[in-house]
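Trainee: Chains as they are written, first to last, in the working numbering: chain H, 1 to 321; chain D, 1 to 514; chain Z, 1 to 356; chain X, 1 to 393.
Hints listed in this document are in silico derivations from the structure and should not be mistaken for laboratory results. Any given hint could turn out to be false.
SDA-like mimics (lysine to any residue), calculated; alpha carbons at most 25 Å apart, straight line [claimed, not checked]: (1) K376(D) with T225(X); (2) K93(H) with L34(X); (3) K265(Z) with V90(Z).
Source: prediction; values computed, not measured.
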Amino acid sequence: MDVIIYLIQNMLPVAIPLLLVALGGMFSERSGIVNIALEGIMLFGAFFGCLSVYFMKGLTIDPQLILLIGMVVAAVAGILYSMLLSFAAVNMKADQTISGTALNMFIPAVTLLFCKMKFNSDGITNSTKFYIQKVPVLSDIPVLGPLFFQKTYITVYIGILFLLLAIFVFYKTKFGLRLRACGEHPQAADSVGINVYRMRHSGVAISGFLGGIGGFFYSVGVMDANVNGHTGVAGFGFLALAVMIFGQWKPVQIFFAALFFAFLRTLAYSVALIPFLNSLNIDQTYYKMLPYVATMLVLIFTSRKSRAPKAEGIPYDKSKR
Amino acid sequence: MDNYVIEMLHITKEFAGFKANDDITLQLKKGEIHALLGENGAGKSTLMSVLFGLYQAEKGKILKNGEEVTINNPNDANRLGIGMVHQHFKLVEIFTVLENIILGVEPNAMGVLQKKDARKKVIELSKQYGLQVDPDAIIENISVGMQQRVEILKMLYRNNEILIFDEPTAVLTPQEIDELIEIMRGFAKEGKSILFITHKLNEIMSVADRCTVLRKGKYMGTVEIKDTTKEELSRMMVGRDVSFKVQKDEPNIGEVLLSVKNITMPSKINKKNAVKDVSFDVKAGEIVCLAGIEGNGQSEVISAITGLERVKEGTVTLAGKDITKLNIREKTKTGLSHIPEDRHKHGLVLDYSLEENMVLQRYWQPRFQHNGFIKKKEMRDYTEGLIKQYDIRSGHGPTSSARGMSGGNQQKAIIARELDKEHELLIAVQPTRGLDVGAIEFIHKQLVATRDAGKGVLLMSFELDEVMNISDRILVMYEGEIVGELNPKDTTVQELGLYMSGAKRSRKEKGHAK
Amino acid sequence: AKKQTFDIALITDKGNIDDKSFNQGAWEGLDKFATDNNITHKYFKPEEANDAGYLAAIDQAVAAGAKVIVTPGFLFEVPVYQAQTKYPNVNFILLDGAPHTADYGTFKTEANVASVMYAEEQSGYLAGYAAVKDGYTKLGFMGGMAVPAVQAYGYGFLQGAEAAAAELGLADGSIAVTYHYTGDFAETDTNKASAKTMYQEGTEVIFACGGSVGKSVMAAATESSAKVIGVDVDQRYDSDTVITSAMKGLGSSVITVLESIYKNKSWETYSGKTTVFNAANNGVGLPTSVIGDANANAFDRFKSFDKTAYDTVYASLVSNAVAPIRTITIADATGVATAEELMTGLNLVKVAVQTR
Amino acid sequence: MQNNKNSSKLKMQASRIMKSKGMGSFTATLLAILLGLLFGFIVMLIASPANSFNGFLTMLTGGFGRLGDVFYFATPILMTGLSVGFAFKMGLFNIGASGQYTFGMFFALYVGMMWKLPTGIHWIACILAGMIGGMLWGFIPGLLKATMNVNEVITSIMFNYIGMYLVDMFVTNNASMYVPNLTRTGYLPTTAQLPSLGVPNSNVNVSVILAIVIAIILYIVLNKTTFGYELKATGFNKHASKYAGMNDTRNTILTMIIAGGLAGLGGAFAILAPTGITGSSMTYEPINVIAANGFNGIAVALLGSSNPVGIIFSALFVSHIQRGGTQVSSFFGYKPEIIDVVIAVIIYFSAFAMIMSSAVGRLLKKRSRKEAVKELEQTLSSEDDSLKEKTEV
Ligand SMILES: Nc1ncnc2c1ncn2[C@@H]1O[C@H](COP(=O)(O)OP(=O)(O)OP(=O)(O)O)[C@@H](O)[C@H]1O
Ligand SMILES: Nc1ncnc2c1ncn2[C@@H]1O[C@H](COP(=O)(O)OP(=O)(O)OP(=O)(O)O)[C@@H](O)[C@H]1O
Ligand SMILES: [Mg+2]
Ligand SMILES: [Mg+2]
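In isolation and in its complexed conformation, chain H is listed as follows (with noise of 0.2 Å):
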């Protein structure tokens, strides 16, 4: 049971980030955009995000007030960077996985330039720490308490929210609506009066949004508030995109995706908690390779039927019927 609550607790704040971001990726391409660049803006989040905590360590307010203004510092610059992107794409029709790519290229580049420069280091190492042993009073309800209410982030409850709130938006209202009209079939959407550019940007900037807060919850969650220019976001970008093919482009089913492919990861660090695994002996470099290996056998089976939006990657040219 223990080992059980422990992979679990570990389990959420991966799972978290792999979530935001996979959700933020779902809006941009529903929207009819192919956004590569999420590890990109993931970095770019927590590049900001994890600045701003740095520049208020001095400071005596709570820890997780700072992890609020971090975050919204980092939403705001995920917003930001996404725009570059929408801006390619949707206002001068470029190809979107070589603007993608460039972000992509662009952000570690920055980040180590920027520390270098600054603190002559890979990155921003900040000391402040979010981490929570216990929420009062909810934390002592049995079997939930240790589960979601001990050693936990708050980036878990905030990212539940979110979900919350991106299925609420998506499949609810009328901007949802119209959003994924366009990804699906632009000149529908076009010919019943709905802007077209502005639906995409819109979709971009949502995945900046949420990238932007994924790739810092990841900073925060994952890696302790610090962030290195070499190693990023581990490749969580990418992951998320498969997280997000693997959910069908559908918010609950990304939810799932992404509590698999981080369970199978805290799984791969925790094999000595597990009598049963530990005794078989099996080199490390098995479990490390599992969740990658794992999301691609899935990938392998739903592929056949997977069904991207009609018209993702596709520049919309108004002019062109």
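Starting from the structure of chain H, add chains D, Z and X with the ligands where the hints point.
Mentor: Just chains D, Z and X with the ligands now, with coordinates in the frame of chain H:
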């Protein structure tokens, strides 16, 4: 002074210096059905797009009830009561019918969708106008005819008074066309005004009150239908006389070329079989037509023969050789030519030049390659020859991008390619879909010439006129089976229609029919 | 502005100068010395991390005017062997290594090279001793990779723990140590996860011995409310979880050698040979003072272990009364020892090792 | 008359070349490069104004003093660039060049260290092994794409990680290859190392010549052969290629195999390079890091418009300003990462350079608006974004 709801006066619309509409005037009376006629590329869709706010005209003005209006986007058009059913449907395939109808004018409270009232209104409308639809059905699961009803409901939902139909009948079966025409008449009776684009003169003659004719972007005039004839209309449109009756002699029938035996094909939509145990022959020197309402298995039969789909059961023999399991290349080598149904999807590589497309089926032949290297000069010369022979018009000759060519010329290029390569059997799937009468005439001549050269032709078409005019033998398909084999000389369009709708069948016995 | 020149240069290996390891330690010493004495200095990053790349970086440094070049780490052994004859007028300070040919056929330290080594096993011994003396019985070791320096730290750590347990009269096997190499020297979420797992199993303190791996271990310790022992430099400032650090005088040794060049004119003391920095010459140890606060107690994060106890054990190392083993025989080519190899090779009785 | 016709034909051809896609994308790329460099200059100006001008000049010209190294460092990214670019032509985005590169490295290392082969044959065998290693790692994503419709972007990302972990494990578990004390592999025997070109202070070797030859062969294959015709057709429109009897499945797999082989060769070329230090050689360090050269290949391919000949130049260009960047950091104290920033900016702008360049052209020539719009539209519709998977209209 007539009572016009909409007047488009002296409209000029340019694309990159090219005048798609050149000083065009169109006046629509309240409650009339007004046809718009013109060759491919004459500017009909462009003019309607200007009216609907998708394009802005450089010159000219638009009046609504005598007052000048500006229409900058579909929202403006909508506000003025103008709605449009587009040539290519503008429906989001993964949405439900209801979602498609409300898209753009969603009833909402603070941005949150309120579908309940909308559903009620849609159901009411569909009852009122006899446009039966299920509001919760997903678009990709419903038939084309049903999709068109959704498009019409979209206009009604928005309380549009001026309804534009851009080639609505091109994709419909004869029965559906009849229904649509009835619905349009109903609208007109109610006082709605209708602009109706079609290439089919019969439809214009039967339903329209007046007709405006365009030619190469220019206004040719507006005529009262009751005072005119099909011939006159087509002369106005093309600038010369067009013959509607294809000239052809008695067929000179030879050996069996294609023999299809007991073919069964699975359906893509459901678990049933789309084609059930079908058998037939095509002989040298004859044009056999596979007729039927869309979705009765004709496409699947063609796919089985051409190899685009794997055959589930049965055999296909071409010129005495079993080609059932051969790959497409081998089938081509055995003597199969194929004018595909979808010219953009299958027929052409749009990003290739014309010349590269012209060798698509034969780049591997020694004539066009040597040790794996393409003979560019041969390819160029060959294409230039075909351009002359088939009158393929394009900007830069052999090097023009296929994407930049008009639909008619793209089709001509495909036909040239498929006819010029050595073949025994030509499969032509809807070769004239969406083309104007001039182009149709040309293609029909080519089909007949192919037949007369002793080749077999298997034609698949939904156009009853085409079926009756061109073929030597008609095979009618219904629900995956061949239910009738008719001689066009001994039958009527009405009888054909009965077979197509499954009301009549003459060929129940399975197996081989002579 | 023309090209700038720099008198003292450091060539980093593949890591940056904030790697919490050789690069950082050496750079901090170099930077302090050069700044204090107003000498231009700069670090150079090689274009690729191999012998040729390091040599090329030395070329670059010389081209940029370097008179003294510090090369941190054994990876520079072959490049410095080449460079010492190529640039006879440039002085090299090679840390943790001695120049030799690629095939190990010839070892030769020219007169313009000072080779510096450290007795990490002594430092590790002190850390292990202090931890057990302080009452910890469940220890962990997370090394970066099984390179000589890391191995020596680890072996010393185990021997120190054994010695303390013996002194305390504990039963055989009463000290449990989980011994693990991460396979890299980086701060990664995976290293953090591994450390957390170790803490979850009940480990009380982990000796984090692999450069930036330490950051991950500290993160895990914070979340698990557990402790860390730092490495190479005093890491108490990085995290509250750090109870002490097994230091080796990277910076101070660099300063000492640089002083011999620039101040004492006693370069001969170090040139042309290998100098080992150990307890005897104050080259290794645990931190005994807190920077910026002369009165502070550097042992305040221990429960009971204090300066007095430390001085005693340190003296035993200085006098060579205790000489920890630095290398043992390992069958596996990767250099990763099995639990038995550690137990027998290091004569462990009180300490029970479990490897991962 | 005949003469006249010929000359006018010539003129037409000349103007067609000037207006051709190749030429257009060339000027567009130049524009992107210009903007990227400008950005770099601004960063330098902010970081240290005093040195900025000389620093910038050094960035541009520093590589000329080290031509050997420019060619040496260009070789692996030229190969990964070809790998990515070649797959682009088929409509596949091979983001997995990194894993293929690593696999190629491992295979080359393995044959180099474990097999005893005669001088003159050994290094050739190593190169071939590297190619096979890369092919293997390209084959699987290709197979999954072709037969199961698994998105190759995702599979190849996954394969980067899996490949990296596997190779690191193979290396560390191989006692004859891995030297634990050094945390890396041992040195390769000289027989396994590529013949050097003998440029002083540089590792430049015969592989750069091989790489350029391979690029030219690829160019010919793509543009002159039926195989290239098929690949491009499939890339543009896989339905049409199926209709035309091309074997889509086979071509997809083949493309990924070739792309993998190219990246694998890149890995082999990198690991087999001679170091110029007696007895020393390149080594592989298994530290669970994904090979950056694979991702640099994406940049190189994009900058070279996926054209093999263009990729030769873009690889050389990237390597050139990287060498310049090293000089800048050595002599002026700027951080070398500035070059990575510049390259990223260049790639970003090159994504829509076509549109920019026609807009700039419009400004310069002050032509009528209509004409510019027309040209813009033409470039837009003719731009063969080989990345685009969805060609059907
Ligand atoms: N977006 C566009 N850009 C450039 N030219 C266009 C565009 N749309 C239409 N055209 C031009 O305008 C002309 C008129 O096209 P339009 O689609 O209006 O013809 P149409 O009469 O509807 O033809 P069809 O019968 O084939 O539907 C075409 O010949 C084409 O060259
Ligand atoms: N965006 C565009 N730019 C330039 N020309 C265009 C554009 N869109 C269409 N055209 C031109 O429009 C003309 C007709 O195009 P259109 O798509 O209407 O063909 P079509 O005959 O109607 O074919 P379809 O059967 O697909 O409707 C062609 O001459 C084509 O060159
Ligand atoms: Mg039209
Ligand atoms: Mg048309």
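Trainee: Hint by hint, note whether the structure agrees.
Mentor: Cross-check of the supplied hints:
1. K376(D) with T225(X): Measuring from Cα to Cα gives roughly 10 Å; hence the hint holds.
2. K93(H) with L34(X): 21 Å, holds
3. K265(Z) with V90(Z): 15 Å, holds
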